[in-house]
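Q: First to last, the sequence lines map onto chains A and B. When we follow the working numbering, the leftmost residue of the first sequence carries the number -3, and every step to the right adds one. When we follow the working numbering, the leftmost residue of the second sequence carries the number 86, and every step to the right adds one.
No lab work stands behind these hints, which were simulated from the structure alone. Any given hint might turn out to be false.
Stated by the list, open to error - DSS-like, lysine-lysine: derived pairs with alpha carbons at most 30 Å apart: (1) B:K192 <-> A:K75; (2) B:K154 <-> A:K76; (3) B:K195 <-> B:K143; (4) B:K153 <-> B:K195; (5) B:K143 <-> B:K192; (6) B:K143 <-> B:K154.
As the list claims (entries may be wrong) - To give an idea of the interface, some chain A residues facing chain B are shown, with a C-beta separation under 7 Å as derived from the structure: (7) W3; (8) Y45; (9) S46; (10) G83; (11) L86; (12) G98.
As the structure is a computational prediction, the values presented were derived from the model and not from experiment. Heads up, the beta-carbon is just placed ideally off N, CA and C, and yes, glycines get one too.
What follows is the residue order along each chain.
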Amino acid sequence: SQTIHQWPATLVQPVGSPLSLECTVEGTSNPNLYWYRQAAGRGLQLLFYSVGIGQISSEVPQNLSASRPQDRQFILSSKKLLLSDSGFYLCAWSLVGSAFFGQGTRLTVV
Amino acid sequence: AQSVTQLGSHVSVSEGALVLLRCNYSSSVPPYLFWYVQYPNQGLQLLLKYTSAATLVKGINGFEAEFKKSETSFHLTKPSAHMSDAAEYFCAVSEPQGGSEKLVFGKGTKLTVNP
């Protein structure tokens, strides 16, 4: 069966520091991969999605970037974090329809 | 581009009462529609999905939703609320027939169940 791993679960980083969140999927090939950010009262904001290796679509301009170096690996990065980057980040995969989510990373920028 | 509107950011019901969470969508092609549930500090779990087959869709935990094209709606219902249903619920839409499996979510509805 398919599983998705996302880490770390929580992260506290100072302003201006770099960020790397990793997500891997097992048990499927060539999935669509997504990064979402969730802020209170704002629902889930789609940040990036990828339909294949090296193919990244950015939904909103921001301080973040994403990469997909392998078929089942999706990385969210920042060179310099801002306070406004704080939030709950969710990775998800889909293959013809439903999306399945990781457990999320709670990022606090201080 | 597809979009979703969830009416009511907070809904409160008594245990045993009907649960009705509203979702309206906008899509230029036949959509796929989903309901997800999220418990605190966790990821999202799929409750049910509509993918152009039967318009009344049954999901887990006794939830169901009905696709109504004329109303562009996909409301989530459960006949009798249970305390364990307290969570946040998200409606989502994608357009795979339009070449986009990008999943777009509503802002969510927080369900409170009172004893």
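Q: Look at each hint and say if it fits the structure.
A: So, going through the hints one by one against the coordinates:
{"no.": "1", "hint": "B:K192 <-> A:K75", "verdict": "holds, 29 Å"}
{"no.": "2", "hint": "B:K154 <-> A:K76", "verdict": "violated, 45 Å"}
{"no.": "3", "hint": "B:K195 <-> B:K143", "verdict": "holds, 21 Å"}
{"no.": "4", "hint": "B:K153 <-> B:K195", "verdict": "holds, 23 Å"}
{"no.": "5", "hint": "B:K143 <-> B:K192", "verdict": "holds, 22 Å"}
{"no.": "6", "hint": "B:K143 <-> B:K154", "verdict": "holds, 17 Å"}
{"no.": "7", "hint": "W3", "verdict": "violated, 13 Å"}
{"no.": "8", "hint": "Y45", "verdict": "holds, 6 Å"}
{"no.": "9", "hint": "S46", "verdict": "violated, 11 Å"}
{"no.": "10", "hint": "G83", "verdict": "violated, 13 Å"}
{"no.": "11", "hint": "L86", "verdict": "holds, 6 Å"}
{"no.": "12", "hint": "G98", "verdict": "holds, 5 Å"}
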